[in-house]
Amino acid sequence: MKKTRFTTLLLASTLLAGTAAMANTTITIESWRNDDLTVWQQKIIPAFEKAHPDIKVVFAASAPTEYNAALNSKLDAGSAGDLITCRPFDASLALFQKGKLADLTAMPEMANFSDVAKAAWQTDDGKQTFCMPMASVIHGFIYNKDAFDKLGITPPKTMDEFYADLDKIKKDGTYIPLAMGTHDQWEAATMAYENIGPNYWNGEEGRKAIIAGTQKLTDPQWVAPFTELAKWGPYMGDGFQAQTYPDSQNLFTLGRAAIYPAGSWEISGFSAQAQFKMGAFPPPVVKAGDPCYISDQPDHAMGLNAASKNKDAAMTFLKWVGSEDFATLYGNALPGFFPLIDKPIKIDDPLANEMLGWRQTCKPTMRYTYQILSRGTPNLENALWAASANVINGTQTPEAAAAEMQKDLASWYKPQQ
Amino acid sequence: MADRKPVRWHIAVFLAPAVIVYTAVMIVPLFGTLGLSLFTTVERVPHYVGLDNFRTLLSDPHWSGRFWNALGNNFWFFVVNMAVQNPIGVGLAALLSSPRLRMAAFYRTAIFIPTILSFVIVGFVWKLILSPLWGIAPDMLAAVGLKSLFAPWLGEANYALTTIALISVWQFIGIPMMLIYAALLTIPEEVIEAAEMDGITGMSQFWKIKLPLILPSIGIISILTFVGNFNAFDLIYVTQGALAGPNYSTDLLGTFLYRTFFGFQLQLGDPNMGATIATAMFGIILVGVCLYLFGIQRRLRRYQF
Numbered sequence: 001m002k003k004t005r006f007t008t009l010l011l012a013s014t015l016l017a018g019t020a021a022m023a024n025t026t027i028t029i030e031s032w033r034n035d036d037l038t039v040w041q042q043k044i045i046p047a048f049e050k051a052h053p054d055i056k057v058v059f060a061a062s063a064p065t066e067y068n069a070a071l072n073s074k075l076d077a078g079s080a081g082d083l084i085t086c087r088p089f090d091a092s093l094a095l096f097q098k099g100k101l102a103d104l105t106a107m108p109e110m111a112n113f114s115d116v117a118k119a120a121w122q123t124d125d126g127k128q129t130f131c132m133p134m135a136s137v138i139h140g141f142i143y144n145k146d147a148f149d150k151l152g153i154t155p156p157k158t159m160d161e162f163y164a165d166l167d168k169i170k171k172d173g174t175y176i177p178l179a180m181g182t183h184d185q186w187e188a189a190t191m192a193y194e195n196i197g198p199n200y201w202n203g204e205e206g207r208k209a210i211i212a213g214t215q216k217l218t219d220p221q222w223v224a225p226f227t228e229l230a231k232w233g234p235y236m237g238d239g240f241q242a243q244t245y246p247d248s249q250n251l252f253t254l255g256r257a258a259i260y261p262a263g264s265w266e267i268s269g270f271s272a273q274a275q276f277k278m279g280a281f282p283p284p285v286v287k288a289g290d291p292c293y294i295s296d297q298p299d300h301a302m303g304l305n306a307a308s309k310n311k312d313a314a315m316t317f318l319k320w321v322g323s324e325d326f327a328t329l330y331g332n333a334l335p336g337f338f339p340l341i342d343k344p345i346k347i348d349d350p351l352a353n354e355m356l357g358w359r360q361t362c363k364p365t366m367r368y369t370y371q372i373l374s375r376g377t378p379n380l381e382n383a384l385w386a387a388s389a390n391v392i393n394g395t396q397t398p399e400a401a402a403a404e405m406q407k408d409l410a411s412w413y414k415p416q417q
Numbered sequence: 418m419a420d421r422k423p424v425r426w427h428i429a430v431f432l433a434p435a436v437i438v439y440t441a442v443m444i445v446p447l448f449g450t451l452g453l454s455l456f457t458t459v460e461r462v463p464h465y466v467g468l469d470n471f472r473t474l475l476s477d478p479h480w481s482g483r484f485w486n487a488l489g490n491n492f493w494f495f496v497v498n499m500a501v502q503n504p505i506g507v508g509l510a511a512l513l514s515s516p517r518l519r520m521a522a523f524y525r526t527a528i529f530i531p532t533i534l535s536f537v538i539v540g541f542v543w544k545l546i547l548s549p550l551w552g553i554a555p556d557m558l559a560a561v562g563l564k565s566l567f568a569p570w571l572g573e574a575n576y577a578l579t580t581i582a583l584i585s586v587w588q589f590i591g592i593p594m595m596l597i598y599a600a601l602l603t604i605p606e607e608v609i610e611a612a613e614m615d616g617i618t619g620m621s622q623f624w625k626i627k628l629p630l631i632l633p634s635i636g637i638i639s640i641l642t643f644v645g646n647f648n649a650f651d652l653i654y655v656t657q658g659a660l661a662g663p664n665y666s667t668d669l670l671g672t673f674l675y676r677t678f679f680g681f682q683l684q685l686g687d688p689n690m691g692a693t694i695a696t697a698m699f700g701i702i703l704v705g706v707c708l709y710l711f712g713i714q715r716r717l718r719r720y721q722f
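In order, the protein sequence lines correspond to chains A and B.
Here the first sequence stands for residues 1 to 417, numbered as in our numbering.
Here the second sequence stands for residues 418 to 722, numbered as in our numbering.
Keep in mind that the hints were calculated from the coordinates and are not lab data.
As the structure is a prediction and not an experimental result, all values here were calculated from the model.
Wrong hints could be hidden among the right ones.
[Stated by the list, open to error] Derived, one-sided and incomplete: chain B residues facing chain A with beta-carbon distance under 10 Å:
no.	residue
1	P423
2	R425
3	I428
4	P478
5	G482
6	R517
7	E607
8	G658
9	T677
10	F679
11	F681
[Stated by the list, open to error] Derived DSSO-like pairs: lysine-lysine, alpha-carbon spacing no greater than 27 Å straight-line:
no.	chain 1	residue 1	chain 2	residue 2
12	A	K171	B	K422
13	A	K407	A	K208
14	B	K564	A	K170
15	B	K625	A	K231
16	A	K346	A	K170
17	A	K98	A	K127
18	A	K208	A	K414
19	A	K157	A	K414
20	A	K150	A	K127
Glycine included, C-beta positions come from ideal geometry on N, C-alpha and C.
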């Protein structure tokens, strides 16, 4: 008895849902950005629904660490949403190759994006694009403006000035010069090595040369950033070896540290917590007048579920995602996640705007480990985490760290053999 | 006709729930894992490769380096646990069972509480206690003039694993204590009285009378510690992350398995090699348990009262 009643209920509910869908197409977005849920519900979706009253949009976010696994099983079971937020590089490429993501190469909106912006969501030969680029994060250094004013120092332009500033801060003793720890390892790789590195290996030129096999990780331009990192330890707080990522964030926002090697995603959190003025400077160059490069890392994009039942509505949404309107709206709603669109976008947040401005003066590149090079075992990204942390901790020399990484990469990557 | 035994259906019926559930959630996945380790996936098509994955794991320098490192760390983790947790557990139980101790119930509960805490809480709390920035450990050492002894223990390759092993000891000290305590309580009064009549009291009573009687319990605790330690994963994952830093110095078989099976950051998961590591762990634990069961357990003398 109970069972039949339950089945009837289920049937009734599907029927109801069915009629609702007929009046209005509902499209669902799969995402790991559950931090941004309110922004989507209050700013982004209403803006779209206003222009397209016949389409309802649901933003279904899951936890970042669960997203890949959950999405894969939903796609296999056929229960995934119509639009898929794409991770950069291999995770999404694998979905495209399995036929789960539709080919979007022909969309005219793709012309709004540069090749670097699209590279994260293209096949290796760059011929097919399967996600509409949405946002990137930019690396650099965020500093405590009040501290800089008090000590009479200015944001450094060259590495020599950078160390001169650090020395002054250290000598004064009020602030910890660099808010960074090596316990979680990834900051050492992402916010240190891959932050300052592009100035040494000339951004895209070096990154592509490693992929092509014409440069080696033991070449001087790849060892030099490690040599710099080896000098950082004394400027970091006591016991930095056990300092975690949240520790570093708190240390900086509490005003106890002067410089924070950063990613732009920190901006909204820092703005909410810090009681002092903040500024940002791009990774210092080696010699004054050298061209500068910034790590402008593609972070997320949006693709179309190849099995979607509401393709027309989903494509309408995707076209909007590729537009300038969306870029302005998104960039301002989430300062620190910068639109990838090839048009000047006005961001109101001053700190975010400052970082975005670097795109005009410096050449963008991305973290070199992300494309193609982290496909094998041992994994290059993991190796870089360990190597960068070791070098800062002083347990491995820059040369040894570089040699080990080169050996790891060459063990499976043909062009490097 | 009449003397044919009726089929005793009730046996099957009563066994069925346990057998079915256990088979579904334990035996099938176990054999699934063992099977998975015999295949390799090329272009999403599984190929049978026999024991080739094990050859890779043990002979390919990239795999075997990590594997031996994890195994060695695992042994050290086990050694610290055995050498610290169990003697202290026995000592605490002996103290608790002393009739002169007041507030025994309070101590018993207080010492046992960490055992029921989640790994996440234990890892987080200890990370805070030992934090060089906001931890109370540096301040406490400074208060007794020993600040120079403080080091960022969780961040240094030489200390991190031992530190985590000691955190694990702190968390699980309640288990050997409770088991031994229960064993001590089952020793009949007559035996103790007889010992006292013979003039064996105090410490020598513990060594000569009680300890031999609780040896089987200590054996069980040792094997539980062994199995628990070789399956350990949670505490490392919570305190050091899946990459088990610094420089893989806290990498146990469990974290190595996790990274391989599920992937990590840009590393895609490899279920086949993951299953290979899982099978190796299963083998190591099986051998360890068998050595104990056949080498030690059978020789232990048991006393019946």
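Open item on the list: Please verify whether K208 of chain A and K414 of chain A have alpha carbons no more than 27 Å apart.
Closed with: Distance of about 15 Å is within 27 Å: holds.
Task: Status of the F681 of chain B interface restraint (C-beta, 10 Å, chain A) - done: 7 Å, holds
Task: Satisfaction of the E607 of chain B interface hint, Cβ to chain A closer than 10 Å - done: 55 Å, violated
- [ ] Could you grab the alpha-carbon distance between K625 of chain B and K231 of chain A and see if it respects the 27 Å cut-off?
- [x] The given pair, whose Cα atoms are some 61 Å apart, is violated under the 27 Å limit.
Open item on the list: Given G658 of chain B as an interface hint, is its Cβ closer than 10 Å to any Cβ of chain A?
Closed with: It holds, given that the least Cβ distance between G658 of chain B and chain A is near 6 Å, below 10 Å.
- [ ] Compare the distance between the alpha carbons of K171 of chain A and K422 of chain B with 27 Å, and conclude whether the hinted pair is satisfied.
- [x] 95 Å, violated
Open item on the list: Need the status of pair K407 of chain A, K208 of chain A: alpha-carbon distance at most 27 Å?
Closed with: 19 Å, holds
TODO: Below or equal to 27 Å on CA atoms is what counts here, so check K150 of chain A against K127 of chain A.
DONE: This hinted pair is violated, its Cα atoms lying about 53 Å apart.
TODO: Sort out whether K170 of chain A lies within 27 Å of K346 of chain A, counting only the CA atoms.
DONE: Violated, at about 37 Å.
Open item on the list: P423 of chain B was flagged as interface toward chain A. Is the shortest Cβ-Cβ separation under 10 Å?
Closed with: 34 Å, violated
Task: Interface hint outcome for P478 of chain B [beta carbon to chain A under 10 Å] - done: 8 Å, holds
Task: Proposed proximity, K170 of chain A with K564 of chain B (alpha carbon, max 27 Å) - done: Judged against 27 Å, a Cα distance of about 22 Å means the pair holds.
In summary, the numbered hints that this structure violates are 1, 2, 3, 6, 7, 12, 15, 16, 19 and 20.
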